[in-house]
Structure formats: C-alpha cells, structure tokens
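Student: Single-letter residue listing:
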Amino acid sequence: MPLSGDSTILVPVDVSVTDPPDQGILQLLRPVNVVVLGYYPVPKQTAPAHLQADHESEAASRLDDIVNQFDSAGHEVEGVLVFTKDREDTIDRVADQHDCGAVLVPNEIGSIERILVPLRGDVNLERIISLVGDLLRMNDATVTLFHASSTGADPSQGEFMLRGAADRLSEDGVDPERIDWTLAEDDDPTSAIVNLAAEYDLVILGETEPTLRERIIGTVLTPVLDKIDKPTIIVRDID
Amino acid sequence: MTGGSSGELERNIGFLEAMTLGGGTMIGAGIFILPGIAAEGAGPASSLSFVIAGFVALLAALSLSELATGMPIAGGSYHYVNQALGGFFGSIVGWGMWSGLMFASAFYMIGFGQYLVAPIPFLDGRLFIVLLGLVGLALIVGVNYYGTEESSQLQNVMIGAETVIVLIYVAVGLFFIDPANLEPFAPTGPSGIIATTGIVFVSFLGFEIIATVAGEVKDPSRNIPLTMLLSVVLVTILYALVMLVSTGVLPYDSLGDSLVPVSDVAVVYLGSIGVVAIVAAAAIAAISSSNSSILAAARVNFAMGRDDLMSEHLNVTHDRFGTPHRAIIVTGAVTGLLVTAGLGVETIVSLLAEVASFSFLVSYSLVHVALVVFRRADPDAYDPSFRIPDLLYPAVPVLGILLTVLVISQMATVIILLGLGIVALGAGWYIVYARDQGFETGLITEALEPDISDAYRVVVPISNPDTQQDLIRLGAATAKAHTNDGTPELVAVNVIQVADQSPQQNVAAERLTHQRELLEAAQQHATEMDVRLQTRAVTGQNVGETILETLIEEDADQVLLGWQGSLTKDEAVFGPNLDPVVEQAPCEVSLVTLHNERIGSPIALAGPGPHAPVAARRAVEFATLDNTVPTLLNVQSSTASADPIARGEETITAVAERAGIRTDEFETKVLVSDDIEDTILDAVRDYDTICVGLSERGEAARLRFGTIAEQISQQATGNVGIVRGPYDSTSTKTEPVETVEPK
Numbered sequence: 000m001p002l003s004g005d006s007t008i009l010v011p012v013d014v015s016v017t018d019p020p021d022q023g024i025l026q027l028l029r030p031v032n033v034v035v036l037g038y039y040p041v042p043k044q045t046a047p048a049h050l051q052a053d054h055e056s057e058a059a060s061r062l063d064d065i066v067n068q069f070d071s072a073g074h075e076v077e078g079v080l081v082f083t084k085d086r087e088d089t090i091d092r093v094a095d096q097h098d099c100g101a102v103l104v105p106n107e108i109g110s111i112e113r114i115l116v117p118l119r120g121d122v123n124l125e126r127i128i129s130l131v132g133d134l135l136r137m138n139d140a141t142v143t144l145f146h147a148s149s150t151g152a153d154p155s156q157g158e159f160m161l162r163g164a165a166d167r168l169s170e171d172g173v174d175p176e177r178i179d180w181t182l183a184e185d186d187d188p189t190s191a192i193v194n195l196a197a198e199y200d201l202v203i204l205g206e207t208e209p210t211l212r213e214r215i216i217g218t219v220l221t222p223v224l225d226k227i228d229k230p231t232i233i234v235r236d237i238d
Numbered sequence: 017m018t019g020g021s022s023g024e025l026e027r028n029i030g031f032l033e034a035m036t037l038g039g040g041t042m043i044g045a046g047i048f049i050l051p052g053i054a055a056e057g058a059g060p061a062s063s064l065s066f067v068i069a070g071f072v073a074l075l076a077a078l079s080l081s082e083l084a085t086g087m088p089i090a091g092g093s094y095h096y097v098n099q100a101l102g103g104f105f106g107s108i109v110g111w112g113m114w115s116g117l118m119f120a121s122a123f124y125m126i127g128f129g130q131y132l133v134a135p136i137p138f139l140d141g142r143l144f145i146v147l148l149g150l151v152g153l154a155l156i157v158g159v160n161y162y163g164t165e166e167s168s169q170l171q172n173v174m175i176g177a178e179t180v181i182v183l184i185y186v187a188v189g190l191f192f193i194d195p196a197n198l199e200p201f202a203p204t205g206p207s208g209i210i211a212t213t214g215i216v217f218v219s220f221l222g223f224e225i226i227a228t229v230a231g232e233v234k235d236p237s238r239n240i241p242l243t244m245l246l247s248v249v250l251v252t253i254l255y256a257l258v259m260l261v262s263t264g265v266l267p268y269d270s271l272g273d274s275l276v277p278v279s280d281v282a283v284v285y286l287g288s289i290g291v292v293a294i295v296a297a298a299a300i301a302a303i304s305s306s307n308s309s310i311l312a313a314a315r316v317n318f319a320m321g322r323d324d325l326m327s328e329h330l331n332v333t334h335d336r337f338g339t340p341h342r343a344i345i346v347t348g349a350v351t352g353l354l355v356t357a358g359l360g361v362e363t364i365v366s367l368l369a370e371v372a373s374f375s376f377l378v379s380y381s382l383v384h385v386a387l388v389v390f391r392r393a394d395p396d397a398y399d400p401s402f403r404i405p406d407l408l409y410p411a412v413p414v415l416g417i418l419l420t421v422l423v424i425s426q427m428a429t430v431i432i433l434l435g436l437g438i439v440a441l442g443a444g445w446y447i448v449y450a451r452d453q454g455f456e457t458g459l460i461t462e463a464l465e466p467d468i469s470d471a472y473r474v475v476v477p478i479s480n481p482d483t484q485q486d487l488i489r490l491g492a493a494t495a496k497a498h499t500n501d502g503t504p505e506l507v508a509v510n511v512i513q514v515a516d517q518s519p520q521q522n523v524a525a526e527r528l529t530h531q532r533e534l535l536e537a538a539q540q541h542a543t544e545m546d547v548r549l550q551t552r553a554v555t556g557q558n559v560g561e562t563i564l565e566t567l568i569e570e571d572a573d574q575v576l577l578g579w580q581g582s583l584t585k586d587e588a589v590f591g592p593n594l595d596p597v598v599e600q601a602p603c604e605v606s607l608v609t610l611h612n613e614r615i616g617s618p619i620a621l622a623g624p625g626p627h628a629p630v631a632a633r634r635a636v637e638f639a640t641l642d643n644t645v646p647t648l649l650n651v652q653s654s655t656a657s658a659d660p661i662a663r664g665e666e667t668i669t670a671v672a673e674r675a676g677i678r679t680d681e682f683e684t685k686v687l688v689s690d691d692i693e694d695t696i697l698d699a700v701r702d703y704d705t706i707c708v709g710l711s712e713r714g715e716a717a718r719l720r721f722g723t724i725a726e727q728i729s730q731q732a733t734g735n736v737g738i739v740r741g742p743y744d745s746t747s748t749k750t751e752p753v754e755t756v757e758p759k
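Protein sequences appear in the order of chains Z and G. The first sequence begins at 0 in this note's numbering and counts up one residue at a time. The second sequence begins at 17 in this note's numbering and counts up one residue at a time.
Derived from the structure by calculation, the hints contain no laboratory data. On a predicted model such as this, the values are computed, not experimentally measured, just so you know. The beta-carbon is built from N, C-alpha and C at its ideal position, and this holds for glycine as well. Check each hint, because a few of them may be wrong.
Reference listing, derived: stretches of chain Z covered by chain G, where coverage requires no fewer than 3 residues with Cβ under 8 Å from a Cβ of chain G [unchecked claim]: (1) 55-68; (2) 123-131.
Facing chain G, according to a computed beta carbon distance under 7 Å, are these residues of chain Z, among others [claimed, not checked]: (3) K43; (4) A46; (5) L50; (6) L80; (7) V81; (8) A140; (9) A152.
Isolated chain G, as found in the complex (with noise of 0.2 Å):
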C-alpha cells in the first residue's frame, strides 16, 4: 500500500468557530454604523428593516444550507448557482459576490476610520477617515499575504469581547430608554422602512462565509444548517434591541447625523468608559469583518478559477506562504480605490453598503432559483443532509426571491443601476472570456422539463450511423405502446470511450464532431418516426459501465441495442461492450440484430422461458411498424400429452396472459414434433422477424444464452430480437424459475 495519489482535506471547523466566523462577521461593523444611517432612513421604526433584512437572510440561510449539505465545497452561492444555472449566471454571482465583498469591505473600513476619528476632535475630517481606512486595510492584505497559521483562539477572544461590548450596551440602554423618542414610531412609512431594509442587508453577510467554507465544517450535515440558522436569528435580535435602544435613547434625527451613532448612545449612559469601549469593539469588528470579506473573495475567485470562470493566473497559491496572494491583493487593490472614492463622495458609507447589499440580494434570489432547479433535476450527486421541510418549500424560494424584488425596488436608482453595472460587468465577463471554455449549461434545462419521470422510456445507445435509424425506428415501435403514463421517450446515447476519467481530459474534435452528428441524426429519425427523443452524449473509460450508468440516470424502462450478431469466442458472450448491459440492466433489455430492413409479420417463441412474454409483447410492438400481426409459436412433443395442440394453445394464452397483450392482437402457431429444437428453427425460416426471450441469469452472473435463442441468432436470415425482462432492482438475482427449453 503506497501513499494514496488522492489527499484528504481536513475538516477544521467546529461549531463554534463556525459560530464566531458567521456571527462574528455579522456583528461585526455593520452595528456600529449603520443606526445613524438606518435612524435616519426609518426613525425607530429601522428596528423593523433589521428584522426584514433578517427574514430575507433567513431564508437565504435556509436554501443555502440545503444546498451547501447537497455541495460541501468551497465556493459558496456562486457554486450552486453555477451548477445550477450554468456559467452565465454563474459569472454574474461570481462577480456579483466579488464585488459585494469588495464593497462590505470598504464599507467596514471607512467604518474604522470613522469611529477611530471621532473621539479625536482635532483629527476630524475625511482625509483622515479615508487615510485610517486604508491603513487598516493594508494591514489586513499584509497579514493575508503571509498567511498566518490558523489561531482562531486571539479571534474568538475578540469577537467574545465585542459580543460582551454590544450586550452590555442593549442590556443597560434598555433602561434608558425614553419612550417620546420612539414617537413618531415610523416617520417615513412602509416604503421608508423597506428602502432602510436595502441599506442593513449588509450587516447580514456573515453566515454566506460559512456555506462558502463548507468544506472545511466539521459534521458539515449538522454544523453548517445549525450556524447559518442560529447565527442569522441571533444577529437579527440582537440588531433590532440595539436598533430599539439607539433611537430610544436618542432622538434618530441627532442620531441620524452621527457618524458614530453607538458611541453617542453609550455617553448617555455608560460615561467615557463606555465610549472607549464601543470604540475599541467598532474598531475589532470592522478589522475582523473586512478580513473575512477578503478572505470570502479569494474562495470565490479560487471556485471561478475552478470552473475556468476566472484566470488562473488570479488563483496562483504563493510558493512559500500558500496564500491566494494575488487574489488577495486584487481585492485589497479595488476595496482600497472604493475606500478613497469617500474623500469624493459625501454619502460613501451608505453608498458602500447598499452596492454591497444590492449584489447579495441577486446572489441570493438566484441561490434560491438554484435550490428550486436541484430539487426539480434532482440528480444522483446533489444528496443534501439538511432538507427545507416540506411544509416550508416551495414556500421559502419563492418567498425569498419575492422579497428580493420587493426591496430592490426601494432602492435609490443610483444604487440600482451601479448594482446593475456590476450584473452587466458578470454578464459580460462571461460572454468575452469565459465562454469559449466549453463548460455545461448546468441543471436548467433538465429542471425545466415537464416531469416525465413516470413515462416510459427507452435508452437506444447508438455509434453505427448504418444502423441507428432502425434501432430508433424499433425503440419508437416500443415506446408508442407504453402511452399510459405520459408521453413515451426515446434517449439516444453515445458513448465515447476514454482512457482516463478526469474532467480536463480532452477529447479529439472529430470524435465529438462524429458523436455530435450522430446524435443530430437520431433526432432526425425520432422527428419522422413523430416520437420524443432527447440525445445524451457522455464520455466514459468502460462503454458497457457507462450505458449502465445512463439507464440508472434516465431511469428507463427498456434498453434496446443493437448488435453483430456474432458470439464472441473469449470471456465475453455479445461482446464486451453488450455484456455487462444485458447482464445488469435494471430494465427490460432488447438485443436486435437486424438483418434487412422489414420487419414484416415477426414470430415470438412462447415457450416457458422466463422472459417469453416479454418476447412476445415485444414481437407485437415490432409489428405495429409495418401493420402486421406477429405469431405467437409454440412446439409440443406428441408424447408429452394426450391432446398436445390444446396444451400448445394453452401454453401460448399464458403467454400472452402474462405480456399483457389481447388475443386479436397475435395470432398462434402450435407444432407438434419430436425434435422441438429442429423444429423451431425451420418454423422461423419463414419469418422476417423473430422475437425469443434470453435464458435465465445463470449462476455466477455469467450469461446463460439458452441453446435455442443461441441457434437462431447464428442461423437466422431475418432480424432477431433477443428479449429479457427487467430484473427486480431490489434483488440482484431473479428468482429461480424452472427454464429453459423444451426438452
């Protein structure tokens, strides 16, 4: 045993550090900031926006925990977005996040050099805030670059102590409280308390870092839905008490032109103490917030550099530290630009958060179009842990995305069309550098198709240009006879074989032109033959696995393949391909070896084989091609009984009892004879078509042919369906059934 070529990635994130890097970045700057602007914008009535933004993050959180369980992976929303709804709208939340983290960060940042400043009077002004910001910011890159070893114990240290800072300021201001400052409760209405709501969103940004390390989360099924929820409800209470004892302690309109809104309500009531202590935890939680916003930016460039959506010259790891260096200077680079756009623009701070807020909301509406399309296309790899109940889906997406609207459209049109700039600039990076790099389209246009689950369906894996028409003229035949659950479906299948599985393999052009063509033909047989087809092309190291792997996908009811008709001398019986298809298809299996292009009047074996129903149903869909009635044929040794033409009729009426198929729909042949093998093969002679079902799994799972299917189909003239009916997937073996042929 040698050192695994595979490495393990370490799961370091317990509950609480998940706790202190959500919450933690949540409590952080936004709370010292925002009440000047939020009292301004709602009067006491902000403690509302703060709960509203709450609500939508609630559910955010909810469809972002689903999804992170389905993807513990890093990169956050922009990753299930992106496998969701494909590159396009996966580059707009890339950037969207990007950008929204650039902007958070700027905004604590300014924050910084705000609540640094003012208790200095003689510093006061811009210039300084500006300058403040930016050295704390070029602290937080420096740090970043040279990567620290991970200690979380000096941070949750801090975080504790600012969370003890802001209890303290809520638990004794609600004493202090003078209840005329809470009138008018509501001094700009609903549309006011909506349009706060579009500037707060930001302080909630902090439980998105924790589905953006999901990969790292300890227990991830239980940590990541816990933390996200928890976190967000904490902070939402705790936001509208310090929202209630801000404009409850002052009036919001002086609170309102503060630029330090929380250590004016603490000089009320906890002195100059209380005012160095608010300072020191503003300054903590601005530096703890943007450091986790930069630190978020660079797993969302490093996710977009994995799906090719971003350079990755950008992702280079530095050599020695290890660090994301380049992205993190990037980010610091543009976040330090928008902290000195402040010394121009007068509003920066209230600007900064809403951009900011504007590009999480669309990131967030389409986390929850993302959530509805894994639940519609459902495939095999998306196997959450944590399910919205029930009751609560669709209830909660669509909520989510209606809210979204709903506070987007209070937005300032400035704020709406730079939050559209940024959507333009997603939108267009994806069209200029990232299209060409052929990725999928993700889940969407499965998730848009009606529900056919039910449906019957047949899997036609096609590679002979020669052949396929009348392997999808077949499959059609079958398919228009299965009408009772919903509209029958054809898939056409091709597989390129490849030696090596790994995603960046690349594959030779005019292999895919070849497959490409192939599959365009087919869809052209299935439009003249009036049947729905959908075509799959897929790529795998084993063709006969791969199709294997299609029938579990397509969940389908019936495999129809073509084949030489030749038996194989070596291990295999149909070929290496066929082999293990025929072998452990969950479905019925039809094998047909075409040898002219009638199909005429087929014959079907109804003999006691465990699959002749099957062969004769199958025998009766065959002929609908060319409007015939198939025979149904069975040989009786004249000894066997006193009246062998009646056990003959008999025989066949089970048969047909058994496929489900009306006597006017077959006609009956019975032979008498004592050589029944001979006999067989010289009654099919004059038939275009012969339908005969497969012996029985024998033991070992290797195939057992059965003698007589095995005869014909190397005699033969006409065309030969050799048919088996689906095994039970519960069990791996069929049952014993007394087979075979006639003796």
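Next up, chain Z with everything else stripped away, as it sits in the complex (with noise of 0.2 Å):
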C-alpha cells in the first residue's frame, strides 16, 4: 500500500521538558499528516498513573502547544499524551494504532536543504518513494539516493533500483534536478550512511526488521541512529 499524498509521520516529543518544536521540522513536515506522540518518561520507581496525577496537565498544556503550531502551519495533526516506562514500546504502539507510516528520530535539526535516502532495495522501496514525494512537494530541499552495494557483486541491479526511483520521484512532480543518486561499492553500508549523513540535513531510512522496536534498540539500526546525529525518519515496514 503506497503512501501517496496522504502519508501519516509520527512525531514523538518529550513533554516532560520544556522544548519548541524546531521550525525545520514544522517546514519539513508540512505537506503530511502528523501524529504529535507526547510522551512522558516514567521512572522506574514510579506508577505512571502517580507521575500523571502530579504532571498531566502542565504535559497536556506542552502537548497542546506543539500541536498548535504545527496546526499553524497547516497539517492535519492529532496530539496523543502517554505516560510511558519505555518510549520504544509506546512509539510502537502509538504508530499502529494512529496508521503512522513513519516515525521521526528528531535530532539538531537547521533548514533542511539536502536530504539523504539510503535504499536497501527492500519491499519498502515504494512507500519511503512516495514519502519523499510528499515530502519534496513543498519544499525546495534536494535529496540524494543512496544505495551500497557489496565488493564484487553486481552493480547493475542498485544502479537500476536507484534509477527507478529517481524516475518515480520526477513523476511524483520533483524537479529531476533536485533528484540525485549516488551508488557506491563498500561492505560496510552502515558506516558509509553514517560518514555521508555528516553532509545531509535528514536521512529518511527503510525499517527491515519487523517491528520498530527492534530496529531502535536492535542490532541493525542502531549503530546507524547513534552515530548520525541527524534527524532521520523511519518507513515503517507495515505489511
């Protein structure tokens, strides 16, 4: 299922401090529904239902700020507020039962002029496809297909895949001069992402393990989300 025009980005958001959403952000995600996932940590020693009688309004009222401003920017957003002993498993949830295709990993965020997109050539080829597309409608940002091939297999089949979105994106309406496409030959694709992400504003990335979850705190993803301290959004592999 495409996620065309109508794509749905969670936005998870600390409200257990006092902290603006980043007007890159509010730009960026503009042309997308977004779900503002409030969440507030719970410390393990704590009932969450006790950190909700002490703080839920003063977290409602944070929430209901940000949600505001998002909502001046003119995107469908909805606001949920959790109190939560593990951020992930709400995360998770949160998207499922919201229908978020995509999850942002907020991080430092500027104007966001050039975007990364490493392929893997995954079945989630054409949903992170048409979030870009979305995404790319109403800004002028450029974005860069990425896809790392192994030593001494064939180039041909990424070089074709990297391709074939790139044409897909000019169909969606992006200028092909904002669509660039880079191919490269390393064993390491994870490092590869992490030393071009330095020169991107925000990497939009696959999900291949089943849940998000154990792409967060799994083996896979991690090494990548730690090292780029960019802020990244994920696809969601919901089929």
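Put the two chains together into one complex; each comes in its own frame, and the hints tell you how they fit.
Tutor: What follows is the structure in structure tokens.
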C-alpha cells in the first residue's frame, strides 16, 4: 500500500521538558499528516498514574502548544499524550494505532536543504519513495538516493533500483534537477551511510525488521541512529 | 484536533516482566534465610509449612486476580479493600501493607548481611550483619531516589542466575538426601507446622507486587491471573523441594542453628564453589526483594494519597527525577530502624518475617472479604475479565479467611500483639487523620442488603419539599401493589446539578444540607406510609441523564416524577430535565401533576393507545390511597358500530385484561359521542385524579404527547398522571402500534 499524498508521520516529543518544536521540522512536515506523540518518561520507581496525577495538566498544555504550532503550519495534526516507562514500546503502539507510515527521530535540525535516502531495495522501497515525494512537494530541498552494494557484487542491480526510484520521484512531480543518486561499493553500508549523513540535513530510512522497536534498540539500525546526529525519518514496514 | 487533555498510561509490563517481578521477589531472600528457622520450627515437615503457606497465597492470588482485572489500577490489595469496605479498613490494609513491606524489607537486608558475613569468619558478629544490611539498604534507597530508566534486562539476568543456582541446589541435592535425616518427619506436630507457616508466609509476598502494578500490565486479563497463579504455584513447589533437600542433607537441628542454612547445605555436595554461588545468589535475592518491597510501598502510599488517606506531602514526585522520593526515603528510614533493631533482638529475623506475614495475612483476609462484597454489590464499574470459577466461589474466599485465622492463631503472642498494634495504627490513623476527608463508606452497605433485585422498585426523584410527600405517597401506593417478588421498595433520589463532573469538586455546603434535609424528610414520609425507602444523593451535570443512570443502576421498575404541568414552548416538551427520562427510561414512567391533595376516585382513559393498560393499572394503585375504586372510561363514536356501548365495554375489558386487573377492582363507563375529545374532557372534570397513557414515542425520538393527554394536562383541575409502559430494553424503539386518539 503506497503512502501517496496522505502520509502520516509520528513525531515523538518528550513533554516532561519544555522544548519548542524545531522550525525546520514544522517546515519539513508541512505536506503530510502528523501525529505528535507527547510522551512523559516514567522512571522505574514510579507508578505511571502517579506522575500522571502530578503532571498531567502541565504535560497536556505543552503538548497542546506543540500541536498548535503544527496546526498553524497547516497540517492535519493530532496529539497523543502517554505516560510510559518505555518510549519505544509506546512509539510502536501509537504508530500502529494511528496508522503512521513513518516515525521521525528528531535531532538538531536547521533548514532542510539536503536529504539523504539510503535504499536497500527492500519491500519498503515504494513507501519510502512516496513519502519522499510527499515531503519534497512543498519545499526546495534536494534529495540524494543512496545504495551501497557489497564488493564484487553486480552493481547494475543497485543502479537499476536507484534510477527507477529517481524516475518515480520525477513522475511524482519533483524536479529532476533536485534528484541525485549515488551508488557506492562498500561492504560496510552502515559506516558509509553514517559518513555520508554528515553532509545532509535529514536522513530517511526504511525499516527492515518487523518492528520499529527492533530497529531502534536492535543491532541493525542502532549504529546508524546512534552515530548520525541528523534528524531521521524511519519508514515503517507495516505490510 | 488538539492534544488530549487526558493522558494515556502505557502498559509496559509483559508476561516475562510480570513473572520476574512476582516470581523474582518470591524466589528472593526468603528461600536463603528461612530454611534454618523453618527446620527449627517444624523439622523436615517444614516443607509442608511452605505448601500450606503457598496454598494460602494461592487463594489470595485467586481473589486478587479477579479484583485486579476488575480494577487494574495502582495500589493492589489496599485499593480493593478501600473500595469495598471503605476508608476504615482501607486504612488498616494500607498501613498493614506498608509496614508489612518495611518489615519484609528489613528481614531481607538482615539476611543479606548474614550471607555476606558468614563466609568471612573473622567478621562474624551481629554488628557487621546490621551494618552490611544498612549499607545495602542505603544503596537501594539511593538508586531509587535518583530513579533509573527501565532496564529490566539486568534484572532479568540476575533473577535468572539466582533461579538457576537454586535449581541446581535442588536438583543435585535430591541425590544427597539421607533418609535418616527425615526421621522424625514432624517433630513438633501439626501446631508446629502451622506456626512455621506463619513465619515462612513472608516468602510469598511477591505475587502481590503484580497486583500493585496491575495498571501497567499488558493484556491484563490474561497476564495478571496467569502470572500471579503461576508464580505462586512454581515458587511453592520450589520451596517445598528446597526444604526437603535442606532437611534431608543436614539434620534439622543442626540446620536450625545456622544463619546461612542454604550454604551450609550446599557445602556438603557442591563444595566451596557451591557456597560462593549460593552467597552470590542470596545477596542478589535480598537486594532485588528488598528493592521490590520499597517500590511497592511507594505505590501503596500513592494509592492512599489518591484517596486522601495519606498526606500528599509524602507522595510528591521529585521535580527532576520523577520519583516518589519522599515515600522512598521514609520507607527506607523506617526499614533502617528495623534493621538496626537487630542489634538488640536476637531473634530479629523470625520476628521481622512473622510480623510481615501477620500484616499480609490480615490484608489478604480483608481482600477475600472485599471480593465477596464486590460480588454481592456488583457495581457497574466492576467487570473483571477473570472470575473465580463458580465451582470455587465462595469456597476460595471463605477458605482463605479460615486458613488465615488458623495460621494467625498459632503465632507467638508477641507477634500477635505487634501485628494488632499495626492494625490499631491503621485504625487510629483513619480516625485521627482521614475521617474528616469525607470519602465514601465503600460498597459494604450495598452488599449487606438482602438481595431484592427482583422486588418491585420505584424511583422517585425529589427536589421540591412541597410536593415530595405526595410523590412518596403515590410511589408507595404503586409499590405496595407489587409484593409478588419480595418486598417492594422506593428509591428517593435527589440530584445536585454541578458544572463539572470532577471528583474533587466542591459542592456548596448549603446545597448539601438542603439535599440531606429533603432525603431525611422523604425517609420520614416513607415510614408514615409503611414502605421501604432507600435514599440516593447524587451529583451530575445533567439532571435528566443522572436520573437515567440511577434508574439503570437501581434496576428500577418504575420512575415516578413530579411535573408542574406546563408545557414548555421551546425545544423541550415536559422540561429539559424530564424529557430525557420520559424518552429513554427503560422502565415504566409516571409523570404526575398534583393540583390537590385528595386522590379520591381516579379515572383512567381505556382507549386504544399502547399505554392505556398501564394507565389503568396506575389508577387502580392510586385509588388504594383513598380506598376507592377507579373508573375506566371509554368513548365511542355513535357511527362506528351497531352497538357502541357493547363495543366500549369490550375495549375496557381488553385493556383491563392486558393491565392484569380484576373486574372487581374497577368500574366502567362508556360514553357515546361524535366529538370524542370534548366528551372526554367533559367527563374527566368530575374526577379528582386522571390517569392517561402517553402517546407512542414518535419518530426521531421526539416525544409525541398525544392531543388528548396534552389537553387534559392543560385543562384539568384535578391531579393528572401521564403514564407510559416500559420500553423493551433490548430495542430502543417500541413496536409500531397503531396509535393514538380515537377519531
């Protein structure tokens, strides 16, 4: 099921601290629906209901503030407030319940001018490309599609995929001038992505494991997410 | 759509986490410290003490499972008892659990000290045991004060390692049992076995922790009962085996002298490596059990604070760490004092264990009572997804209470006195601190009432002191006519309308006083009328909706409402408060306008409307107030049939039959006229009271009053009762009946 046009992105926000949403994010997510997940982290020592009793109104108003800022940017925005001991657990559940196709992993963000999209050629390709198409529709950022094939493997397959993806994007109405693709020969795609990411403002990654939780705390994605200090959008695999 | 003003609580505890929480706390320190004391108390038969204690815990776990799935919210036993039995017993259980957890925690920490000291002979001595216990405690309190991210992995590894060590101990030990050691099996007899049960019960506190975190358990209807029951059963088996191995490998009297019984046994067949492993496991167990206890204590405090039974000051969460730091510090401090008491009391270990057991036994017996109360009162909000099977109810709670009494009866006097002291503390706290906080008495009164759900019940909303006596009289008259299914009952309800339905709202004192006076007067009128009356004081945002809720809660058969008689010109028909009731009440509705006090001889319209029989019956019932016989009136058009009088009589007989009233209970009157409406209006003028059926409910849920009923209500000088029958509760609409007025 492609995401075309009405993608929904989950944006987790820690509502135990006052942290205004980044202008870059507001700008970036203008063309898609947003579910703001205001999570309030609960330490192991405390009953969630206890913190809820103490901090609910304060957390709710922070969340409302953030939701309103998204609202003013013209999105369809929904806020969900959760007191949780396990953020990943909650992100997973809320993303499922609210049909979010992707999750934003926020980081320091400025203006988004260059987007890196590493592709693995997995089933998620279609979903990733339509999300990229949605996001590019309302800003001027350029996108680089990236694929690393292992040494010795036939690079033509990777090239075929990248060209196909670029074509799809331009069919979606993205100016071909803004689309670029890079094929690398590298046995360690993780460090290749991490190195490359330094030059970009946003990374959009596809999820390959069955759950997002696996991706975030599991072995595959953790090094990437740990080392990239760029905001990242993870496109969920929800087939 | 904006962010909700109400937050969700994530359920983060899955099956495995709940098992390690419950089972881990239980496999904890108890198993390493208690075998010595247990062997001393009951010899090899002490494994039976563990089985009995496990059985008592299993009964409690069954009752707790049902209550926890019915109310999955933080607080555990305390919460259920408070809801069922009110603040007095809630306070006793809250304080009992809190002190029980502190005693248990101190017990674990002393055991921690004992295991660390023993392998280092030159440090032997109580001072070091106590000091080590205090250091361990300080560590736990510190970690919990600052708060930790949920990292169950480390804990799972530790509890897993500890369980494996105990399993090896049992599995290998079984081969080293010397049957001679098991003779005599029960040197102290049955009373010794029971007395030992009282000490070792402390090992089974862990499953309760699952109930205190019930609000955080994923898929609670499956995981709560499963993990509670499974952990109790597994731990019971394991403990019984540990006892069997320990008393089988070492003679029970030498085991009884040991402070570190399990490592003394292990050294026999596992050598020094075994001892190191056991010491490590014992230390981990003590720390994790004590940790769980301190956290559970903070939750009990929070739950008590939520019910105004405990100072909010204690329950503040830390600004930065988010932890209930004050509750943790206080719990830790008292636990520290209890550990320090080990300097002066030689038998401190068994004393701590036994007092903790006492407190929890008392709590669990009240939990069993709470279960019975919930089952009896059956409040709407109580809908447990796990129910104790019918076969086992009420056997489980009854047996649970009896066994508790039995175990407590075998405890030493000093323990019983200490335990009763804690109970008295809870009771005293309620009387001194909490009673003025003004919260509810629980469901106990509802549960104690005889089961009268089948009896006829008339709900009478009252708000006006001038008319309420007459309403009660009419209600009593209709109630008394229904004695078939038990003693009928009136329910007088007064609604205080409030702007906001938050539980903390403050209703102005004078409104409460007014409400109380109204309901007291109603009670008095009921006594005069010799009818049973229950009063309900409720608050709600919408009077009509609140009355509807009451009707459903009370399973009412009829609602009798006063109506001033004027139709409103705006949206509403009878008035904004009455309309929802008349439209939606699932029971019979009688709307009465009282113009004079005399009921006299009523007349009822026995026309073709669907509610005419109910109106006729109501007329019969009202007539009993003045010992009269009502008249059923039918008006026929002269052209409608050959013999209009006979046809009118037939119609009346049919209505009376449907109403179920006997022919000697009414008189008939048939009039023949071409202007039916005028004739009716003329005819009823001579009667003191007129009963008329409401027209059928119209389309789009709008009320159709019916022209006759409307005109009567507007023109009559006598009392008017507008009546409709019950709606079928299974459908929102009555079947379409060819209605209304005779043409």
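Student: For every hint, state whether the structure bears it out.
Tutor: Now for the hints, and whether the structure bears them out:
1. 55-68: holds (count 9)
2. 123-131: violated (count 0)
3. K43: holds, 5 Å
4. A46: Result: holds, 4 Å to nearest chain G Cβ.
5. L50: Since the shortest Cβ distance to chain G is 6 Å, the answer is holds.
6. L80: holds, 4 Å
7. V81: For Z:V81, the interface hint holds, since the closest Cβ of chain G sits about 5 Å away, which is under 7 Å.
8. A140: Violated: closest Cβ of chain G sits about 28 Å from Z:A140, beyond 7 Å.
9. A152: Hint on Z:A152: violated, closest Cβ of chain G at ~37 Å, above 7 Å.
When each numbered hint is compared with the structure, violations occur for hints 2, 8, 9.
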